[in-house]
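Quick note, the sequences are listed as chains A and B, same order.
The numbering used here numbers the first residue of the first sequence as 1 and each following residue consecutively.
The numbering used here numbers the first residue of the second sequence as 1 and each following residue consecutively.
Don't take every hint at face value.
Same chains, same label: a pair holds when it works inside one copy or across any pair of copies.
Okay, derived cross-link-like pairs now, SDA-like style, lysine to any residue, Cα gap no bigger than 25 Å in a straight line [claimed, not checked]: (1) LYS19 - ASN119; (2) LYS43 - GLU301; (3) LYS80 - LYS333; (4) LYS134 - ASN287; (5) LYS340 - GLU246; (6) LYS19 - LYS170; (7) LYS110 - LEU89; (8) LYS170 - GLU4; (9) LYS188 - GLU97; (10) LYS88 - ILE265; (11) LYS311 - ARG87; (12) LYS24 - VAL61; (13) LYS206 - MET355.
Simulated from the structure, these hints should not be mistaken for lab results.
So you can see what is in the structure, the chains are spelled out below.
2 protein chains.
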Amino acid sequence: MKFEIMRDHLMMALNDVMKAVSQKTTTPILTGIKLDLNESGLKMTGSDSDITIQTFIPTEVDGDQVIRIIEEGSIVLQAKVFHEIIRKLPTSDVEIEVREQHHTLIRSGKSEFDLLGLNSSDYPLLPEVQEDQKFTIPADLLRSIIRETVFAVSTQESRPVLTGVHWLAKDGDLVCVATDSHRLARRKTTLPALPAESYSVVIPGKSLNELSKIIGDSTDDVEIVMTKQLVLFKSGDVLFYSRLLEGNYPDTSRLIPAEFKTDVIINSRALLSAIDRASLLSREERNNIVRFTSLDGNVVEISSSSPEIGKVEEEVAAESIEGEELKLSFSAKYMMDALKAIDASEVKIQFAGAMRPFILKSVHDETNLQLILPVRTY
Amino acid sequence: MKFEIMRDHLMMALNDVMKAVSQKTTTPILTGIKLDLNESGLKMTGSDSDITIQTFIPTEVDGDQVIRIIEEGSIVLQAKVFHEIIRKLPTSDVEIEVREQHHTLIRSGKSEFDLLGLNSSDYPLLPEVQEDQKFTIPADLLRSIIRETVFAVSTQESRPVLTGVHWLAKDGDLVCVATDSHRLARRKTTLPALPAESYSVVIPGKSLNELSKIIGDSTDDVEIVMTKQLVLFKSGDVLFYSRLLEGNYPDTSRLIPAEFKTDVIINSRALLSAIDRASLLSREERNNIVRFTSLDGNVVEISSSSPEIGKVEEEVAAESIEGEELKLSFSAKYMMDALKAIDASEVKIQFAGAMRPFILKSVHDETNLQLILPVRTY
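Generate the whole structure from the sequences, applying the supplied hints.
What follows is the structure, given as structure tokens:
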């Protein structure tokens, strides 16, 4: 393998591939990145066996030659040191040449590295993906769906399936649900071209967070292929593979109350700031609980106290409060996460009583539902 | 105590005082900040017993009323939570009122905090400083002096005196020296108004780093008062006290060679980048060593190798190489630190042989001297 490449293109593609590489892998070759050069361009692959990212740099981009191929071939290079070297090279051109025994020369300006590479045939092969069942989704919509759900996954390994987000594609809707059993986030999206067959998969939260970084601020379409073992996202010249979580995702629909006793419509930012301040006093403690009390005159009181630090009270004007008087406590963190996930200036909060789950939505839009279980403090 | 204050002024002063407060103190009251309000304004004090920072906010700044005093007094408040509360208050005005049993109300908009304060008379008193022996130094010059020396202090507690920078004021010169016994940084500054009496103190490196942050990008004069136990820096409305390190600082002048065998003049940035790249291969290893070899034609070769990763060679054009041929090895980190500390595009490096210390200076300026001990590798 021997080629010359423009450093910036190599660097951008490497930045993506590096997101899949972990130094803590039990498979030594996965600390490396695989380079495959053929006549159409350079393919690079990185993986931690849960996530695999593959990028492609074509020989020409917008009519400019990006890669000059002298000899095709492939090699595996230590990811971290290769990435650092490319980042710090003195000029904008790089020459990479594989010699005998996987010795790999990297030249730029008067700098010459001789890295000990590994045999690319020892690198795990990507699974074959049947592409007959796929759908597309605009990148910005995909980012919203991830942002509004993934924060609610469980971080505890006691029920592994809850560390992922449940994606159910059925009857033209994509429904994404995450829960850690104390709160729940659900996003419904109607998509025009979903496959006729229904799909139910659980995608690890970590994969979705990395995917969100990879698609960045792109507005192009992302192609999604779901299989029984993995899901593949295609965004431009990047392929993002994630394994799926095994096990049945619980039926969460029965958790969501159908009848409510108190409805509050309130400015999202004002409520968020008040809860943020109130939580300053309880943050150091185990539970980080704030109290929410409806007062006369469409006012909500947010309060909190800590025996060692002191107490705080704040009144927030609501747009409207309808139904029964209300006094309950909840996790400040869960409430702040839910308010941040709802992209609206006014939110509607519906309570079914002090010890039943309550839900939050935008006043204008039912597609994003956030649910929180209160905490008993009285 | 009761007063109203503009939040921004309180916040800025608090940001400074917080730099002295540590959560890891063994003296519980030092997790707090002391507020003293008298007719001229608000004084706040924070300390970790090594460093003490005191700020003052006058009642009027540039003709604008900043503080409205209702009742003078003092209190100690938990630093971390007080700082967070002020940062997150909803309006630009704050009212602070101390009631019975040190209960302290903080009000802003519709938000009201009731913090449990502590008795201010339990807070340690600041030492009295005799101000008859003091001198001033422009803030930007003080920052340079700190930047060019403090990185070279020892991080090991085996010889505590080496964790500080030795400041010697004598015969109109301020000489600042730091060494960890593998490298040394020395900065000489001629100051017009040094006290007639000579002073020799060792200031903890940590104090100087914090001081540098406190003076920020100010260009005003900083007043320095040295006593036997402590040094006081006055910058605007901020007083910065640091304890001194005990023990005799070693005589470092005999470490610096007087005769040299090879002189190299070279572009600082080109050498720094080449060493940075070469060190990529040795960074993971214990020593992080690179080799420096003089070649014919005013060329220096920087190289490094790692049995597991590979090797790297790079040629750097020198302005001139005079004297004996040279081949030696040194710590890439020490060399990069020294090059960064010298504010010059061309540096002069003077070698006294492969196993003797070598020194670096700007080609134009002798005041900043950096010394490094080579490492035996051949």
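Q.
So, against the hints stated earlier in the document, which numbers end up violated here?
A. 2, 4, 5, 6, 8, 9, 12, 13
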